[in-house]
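Number of protein chains: 2
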Amino acid sequence: MHIAILTFQGFNELDSLIALGVLNRIKTPGWRVTLCCPEPEVTSMNGVTIKAQSSLEEAEFADAVIVGSGTKTREVVETPALLSRIKLNPERQLIAAQCSGTLLLAKLGWVSGIAACTDLTSKPWVQAAGVEVLNQPFFARGNVATAGGCLASPYLAAWIIARLVGLEAAAAALHYVAPVGEKDDYVANAVKNISPYLA
Amino acid sequence: MHIAILTFQGFNELDSLIALGVLNRIKTPGWRVTLCCPEPEVTSMNGVTIKAQSSLEEAEFADAVIVGSGTKTREVVETPALLSRIKLNPERQLIAAQCSGTLLLAKLGWVSGIAACTDLTSKPWVQAAGVEVLNQPFFARGNVATAGGCLASPYLAAWIIARLVGLEAAAAALHYVAPVGEKDDYVANAVKNISPYLA
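Each protein sequence line maps, in turn, to chains A and B. The opening residue of the first sequence carries number 937 in my numbering; numbering runs sequentially from there. The opening residue of the second sequence carries number 937 in my numbering; numbering runs sequentially from there.
Just so you know, not all the hints are guaranteed correct.
Treat identical chains as interchangeable: a pair holds within one or across any two.
[What the hints assert, rightly or not] The calculated BS3-like cross-link candidates involving lysine-lysine, where the alpha carbons are at most 25 Å apart (straight line), are:
#, residue 1, residue 2
1, K1008, K987
2, K963, K1023
3, K1023, K1008
4, K1128, K1008
5, K963, K1008
6, K1119, K1023
If you are wondering where the hints come from, they were derived from the structure by calculation, not from laboratory data.
Take these sequences, add in the hints, and give me the full structure.
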């Protein structure tokens, strides 16, 4: 299994790295989680430079793709040279978007006629793309999921684990990363958020 | 103000990057948050390579220091050549540790006779260093704070903001990153965790 986390210049560290950390709690052979970038190195909205672990072209062959967030998403969706490198297919892949990443799904038409989650800053842009924005942290229909607010990233990661491995594995991954003394409450709330979308 | 986040080889992405993201919500001139590393590049426990933003030697002059976590903390605390580069002083700096980072504070003697928080994996090592480990996400005494569980990182960052800027700024930073639809509850719980330690 390969889960590619699309991570562009100006990326939000929380949105790409929280998902990566939670997803890497799965230790089964062949489970691979990568920061999937347009260039060999990308620099975050706060000046953190990371090395790419896969290229945008590899996302086409991933089992699941998370579209990360960042300060340059509006530029990304207006750059045909970037968009043409991203070939996704919700019929054979799980597609998830975090915060402004939802705008990319909106532009590609994959949340049209569905509702979606995004952060408060990106909300007007997603609405302008014709998508209803929900006041909740997580929503999914079929193979397409969206989350809003950086700290909803664990829900998005947990939904992917639940879909690819199982809900028990997702709960265990969340339990590991949850705050000490709050672990049971944290997991219960997260499961409440994602379980309606695991039918 | 400079906040240095000590980030070693094998670092836990959540523990260093969540704190960095929350701390960077403060936009006042001169506010600087850096990943502070022993080498120009470090690679995380899950293979993410990042570029250092400051050197270990610069932590001596930071206003606050967070000791990040990772899979190699036990090696770090047994490596005099690394430890000798870290000159901290809780009398004139805020010192905070996340998860296995607490082990470094324990080895340096700064949580001796105090209690501390850490993650469940690091708990026996911290106890073996003679420190009482609490079943709660956050604890501080004076200028030394510790947190346990990756997703307690926002509490540690919020405590630093509250101490250096104010509780209102800390709450605003947390509100921004909290999940949509859960923001008020999230901030209230975080403030409940840190406010007893802001006397």
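We went through each hint and held it up to the structure:
In this assembly of identical chains, the alpha carbons of K1008 and K987 lie at most 25 Å apart whether taken from the same copy (18 Å) or from different copies (21 Å). In this homomeric assembly, K963 and K1023 never come within 25 Å of each other (Cα to Cα): the closest approach is 27 Å inside a single copy and 37 Å across copies. In the homo-oligomer, the alpha carbons of K1023 and K1008 lie at most 25 Å apart inside one protomer (20 Å), although the nearest pairing across protomers, at 38 Å, exceeds that limit. For the homomeric pair K1128 and K1008, neither the shortest alpha-carbon distance inside one copy (32 Å) nor that between copies (35 Å) is at most 25 Å.
For the homomeric pair K963 and K1008, the shortest alpha-carbon distance between copies (18 Å) is at most 25 Å, but the shortest distance inside one copy (33 Å) is not. Taking identical chains as interchangeable, the C-alpha atoms of K1119 and K1023 are never at most 25 Å apart, the minima being 38 Å within one chain and 34 Å between chains.
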